[in-house]
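A.B. asks: The primary structure of each chain is shown beneath.
Number of protein chains: 2
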Amino acid sequence: MRYTNIFGNNTLRHNPGSSKSISFFLLQRGGYLRSLGSGLFAMMPMGNRVIDKIKNIIKDELENLGGQEVDLPIVVPLNLWKKTGRDKIIADEMISFSDRQGHEYVLSPSHIESMTQLARTSINSYRDFPRFVYQFKEKFRDEEKDKGGLYRAKEFTMNDAYSFHRSYSDLNNFFPKVFQAYLNIFEKCGVDIISAQSAVGTVSGDRAYEFLKECSWGDNIVISCPECGYKASADIAVGVKKQYTENPRLPKEVATPDCGTRDKLSKFLNIPLEKIGVTELYKTVDGFILVVCRGDYDVSIEKLSRLIGSAVIGLATKDEVEANDLAPGYIFPSNEKTGFPLVVDDSISGSDNLVVGSDRLGYHIKNVNFGIDFESKIVGDIVRIHSDDKCIYCRSSLEEKNTIEIGNIFKIGDFYSKAIGLSFTEENGEISYPYMGTYGIGLGRLLMGIVEANHDDKGIIWPKHLAPYNFFLMGIGKSFRVKNVVEELFEQLGSDVLFDDRHESIGVKFKDFELLGLPYRIVVSAKSLQEGKAEFYERKTGKTWDVPLELVNKTCTSLLEDSE
Amino acid sequence: MRYTNIFGNNTLRHNPGSSKSISFFLLQRGGYLRSLGSGLFAMMPMGNRVIDKIKNIIKDELENLGGQEVDLPIVVPLNLWKKTGRDKIIADEMISFSDRQGHEYVLSPSHIESMTQLARTSINSYRDFPRFVYQFKEKFRDEEKDKGGLYRAKEFTMNDAYSFHRSYSDLNNFFPKVFQAYLNIFEKCGVDIISAQSAVGTVSGDRAYEFLKECSWGDNIVISCPECGYKASADIAVGVKKQYTENPRLPKEVATPDCGTRDKLSKFLNIPLEKIGVTELYKTVDGFILVVCRGDYDVSIEKLSRLIGSAVIGLATKDEVEANDLAPGYIFPSNEKTGFPLVVDDSISGSDNLVVGSDRLGYHIKNVNFGIDFESKIVGDIVRIHSDDKCIYCRSSLEEKNTIEIGNIFKIGDFYSKAIGLSFTEENGEISYPYMGTYGIGLGRLLMGIVEANHDDKGIIWPKHLAPYNFFLMGIGKSFRVKNVVEELFEQLGSDVLFDDRHESIGVKFKDFELLGLPYRIVVSAKSLQEGKAEFYERKTGKTWDVPLELVNKTCTSLLEDSE
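Which chain is which? The protein sequence lines are A and B, in order.
With the numbering used here, the residue at position 148 of the first sequence is 148, and numbering never jumps.
With the numbering used here, the residue at position 274 of the second sequence is 274, and numbering never jumps.
Do not rely on the hints blindly, as some may be mistaken.
Said to hold, decoys possible - In silico DSSO-like pairs for lysine-lysine, Cα to Cα no more than 30 Å straight-line: (1) B:252 - B:264; (2) B:478 - A:137; (3) A:53 - B:188; (4) A:139 - B:88; (5) A:53 - B:53; (6) A:139 - B:264; (7) B:145 - B:177; (8) A:145 - B:59; (9) A:139 - B:145; (10) A:82 - B:137; (11) B:252 - B:139; (12) B:139 - A:53; (13) A:53 - B:264; (14) B:478 - B:511; (15) B:83 - A:53; (16) A:55 - B:264; (17) A:83 - B:139; (18) B:137 - A:464; (19) A:55 - A:20; (20) B:53 - A:137; (21) B:55 - A:137; (22) A:53 - B:252; (23) B:145 - A:82.
Stated by the list, open to error - Covered stretches of chain B (in silico footprint by chain A; criterion: 3 or more residues with CB under 8 Å from a CB of chain A, positions within the stretch not fixed): (24) 36 to 45; (25) 64 to 71; (26) 220 to 234.
Unchecked claim - Under 8 Å between C-beta atoms, here's a sample of chain A residues computed to sit facing chain B: (27) 65; (28) 66; (29) 76; (30) 177.
It should be emphasised that the hints constitute simulated quantities derived from the structure, not laboratory data.
Glycine included, C-beta positions come from ideal geometry on N, C-alpha and C.
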């Protein structure tokens, strides 16, 4: 391809807009990607070529496991989402609308419901297992924050895959195969991946793993143990919490004006956060609950949902707190007043003489002790672990890593098949519900991950076979001979060459080569022609060498045959 | 692929639901396609394989013309549509919504606006031409009628392509190349296509062609002249209208109770439709107009829009007619009362002594003559031609054909580049706006067209190279030897074979083979093995022949090498 013909050949010298993500900048600057609005991106021809190669890597791995490609619409009936109740759980992120007949639809933020519905048309018998289907399909999520660039794109393409099994043990046997296929995909893409157990979140199910790329600007925190290798998403990571025990004292009410938050209270009373017992009202799909945690920890919605066995939507609003006759910021840890379930983090018993709300605005109570002054039967681990807590397996200090999430896999069991009504007839005539797994890779995120893992301060360094073109060809000088030789080479080398035929200086072309990140540069100059040679340069290593013109084609072939 | 493993291997013996389209039935019955809601369809693995092959045919043709693949989001800012005004013109079909920041978006029914916007990021100079980009991308149109099956899918994938040119003559030179590429695509897909000049519709522009498949249930009418070959969409076709001249008589009011439609009036007065002058109020983007046509013709919105140079939205509602102080069904052809432009079809002067409205409910006026009793400066051809009108080129009788529209191409000139602000700097420093073409093929419609053109009463007959698999392999009988040989052949023949390994009768397998429509069936039986052979059967011709087992592989290869 001649570079003058490329739609998007206007590279940018400077980073566009503000973002923390170098990959997002480089992809835009190189003309791989352009923005079409907040959270909306268009893949340009060069970017599309990379995406095609990524898709082929994914296809190969999934089809090795029997994967079959399907294509579902992005718009699906809202009714399907009502069946699983997820219309309520992710209502904020989901766009829904009515057509002119008044039918209601959603712009799919996920395809689990519709894929389960589709499976109803073709899974009926115990003979119809296993099934493993996948697609590359747009999703739309109305992200809360507008500024995540490609990482938080509102519309994004996901490779989503779904497996259907006759039994839970069949799912258990299949699940690790997809786990391994994902590791293969990321390795082929040149991305060093951390896999960690993770929250099931709004997908629900009983086991999930994330595939993460370590990244300074990543907002996905992983807790890991450098000693024993334990790794889990901060949402669900477990650890040994610090204890602050004392002899219990007698409770005493104290005036605490304008101390509705733990930070204000800590400052006003001059006490550390771990001496505060924070009681808050949460909303779940089944109603309100009261939640108590120690001031030095934050509640994990994920852990809380798991402990109570019900999806937690989030903190109640101030209005909701008041409507339940509670004092915002001053709630006492008891359910006598409201009858709502009282859920207590197990760290609460590890700190005596806590300061808690008094149920009166402007007053707290000191020296309150769990088991003496309040109690609950629902006690468990419902908070996010700190990096300086200890590993429960080996007692080493835990560490935090910033990462971006590129893929995830979920064992979702039979929740969706039961909710949507996907059943099958067993050999003995009984009706059963299939067990499902769901698996997803964000293509835009994987693209970012690849660039995060493969760049320097001059630009991208595409792994071979992922580059839009593997060779960047250019001539130096205006001699007729150079031009002729370059044109001949361009013709010989075929479709894997980007020929920089622009009327630009050598400096500009060298800079753009580095920015674009193609693996090899081939330069023909009057000087190199004196020896009948072309100069090769490898972007990744900086290695330069001369190749006789008649061997250029062969050299290119053998460079691509080398393993990465 | 083993048929037992296919997601969607449950063929249907009967046509699902009601539709006039045999192709829609066959695709569903064969498990190529399934419905997920009104106007929403999912491509199953076998259908997806066909679509992939169609995409490759399209890609090849477009890339031959320098086409480069891009990928735009389906959700784009509403603001872009406001710039072209198309948000109003196709408001009924377009879904728009706001995100939680309050930004407004549309679910793209077309990508012309956003593609023009994207071009702004990379076309800046006269050097940046031509550019030809394409994508395969979902569109969403809230169709008025819910019952068109795949043909009127709400969400559908289109191959949409866009060309950008420095001058109008460059566009004119490029446009026929795409026309030819489209003909090539349809030929490679085995579809006999009619190309006809067509309305520019809501796309606007000055020249458009449709690519149509003749089809008994098609609602896209083409007027053609069997003598001289003239062909055009009924919306814009021209022809010589019939004349009904008499000596003018004097006007006279007559009571016509409950005659608000031309049919009632014709019946009540016992006069033919061509004796009625129908005056109706239409809405355009620039306001109301009054439109007069003869009772035996229907107004073509497209022709009307072109004549007045303003986009006509449609008939005014009864409320709007009354709000303008006009009598619904009884409007007199004059603009004295309203001041709205009066547009008259040229057939009106070809029929004397018309019956027209009196501007009073319940009364018409007889013997009204254009030029004597009413007049207007805006006279032209604004109606749909009848099949028994005459060809303007050769005076032969015109014919009507029912077709389905599969693709279309538009010269849209500089309307979009000016509206969206896509400009470039000429060599002399002046600012110009590119001329654009836009080109589209509906993939679902093409799939239907292929099946319409390639089926019999037993099922589909895929053209070679488009079939999901070219070979259907099966054994007859339970002998160990047959099973072994079939398994061996399956292994030899590779990925282009569908092996029917189900525990079904021969009859069921033969029926499904015919329904699925794979080009060749290979049967191994105890009998055929006696001679060391397998039996080949060609779906298209019904030809049967035996092939020695050791030559089966070679035979398959050579069958695919034969030209279609």
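A.B. asks: At least three residues with a C-beta closer than 8 Å to a C-beta of chain A: is that true for the region 64 to 71 of chain B?
C.D. replies: holds (count 5)
A.B. asks: Holds or violated: are the alpha carbons of residue 53 of chain B and residue 137 of chain A at most 30 Å from each other?
C.D. replies: holds, 19 Å
A.B. asks: Holds or violated: residue 53 of chain A and residue 188 of chain B, Cα atoms, limit 30 Å.
C.D. replies: holds, 26 Å
A.B. asks: What's the verdict on residue 55 of chain A and residue 264 of chain B, does the C-alpha distance respect the 30 Å limit or exceed it?
C.D. replies: Answer violated: residue 55 of chain A to residue 264 of chain B is near 62 Å, above 30 Å.
A.B. asks: With a cut-off of 30 Å on the C-alpha distance, tell me whether residue 145 of chain B and residue 177 of chain B pass.
C.D. replies: With a Cα-Cα distance of about 35 Å, the restraint between residue 145 of chain B and residue 177 of chain B is violated, given a limit of 30 Å.
A.B. asks: Does residue 55 of chain A pair with residue 20 of chain A here, judged by a C-alpha cut-off of 30 Å?
C.D. replies: Given pair residue 55 of chain A, residue 20 of chain A holds - Cα atoms ~27 Å apart, limit 30 Å.
A.B. asks: When the nearest CB of chain B is found for residue 76 of chain A, is that gap smaller than 8 Å?
C.D. replies: Constraint on residue 76 of chain A satisfied, holds at 6 Å.
A.B. asks: Would the pair residue 137 of chain B and residue 464 of chain A pass a check requiring their Cα atoms to be no farther apart than 30 Å?
C.D. replies: This hinted pair holds, its Cα atoms lying about 28 Å apart.
A.B. asks: Does residue 53 of chain A sit within 30 Å of residue 83 of chain B, going by the straight-line distance between their CA atoms?
C.D. replies: violated, 36 Å
A.B. asks: Take the region 220 to 234 of chain B, compare each residue's beta carbon with every beta carbon of chain A, and decide whether three or more fall closer than 8 Å.
C.D. replies: Violated - the region 220 to 234 of chain B has 0 residues with a Cβ nearer than 8 Å to chain A, which falls short of three.
A.B. asks: Taking only the CA atoms, is the gap from residue 82 of chain A to residue 137 of chain B under or equal to 30 Å?
C.D. replies: It holds: about 28 Å lies between the C-alpha atoms, which stays within 30 Å.
A.B. asks: Sort out whether residue 137 of chain A lies within 30 Å of residue 55 of chain B, counting only the CA atoms.
C.D. replies: Holds - the C-alpha atoms of residue 137 of chain A and residue 55 of chain B are around 16 Å apart, at most 30 Å.
The structure fails to meet hints 2, 6, 7, 8, 11, 13, 15, 16, 22, 26, 27 and 30 from the earlier list, while all remaining hints are met.
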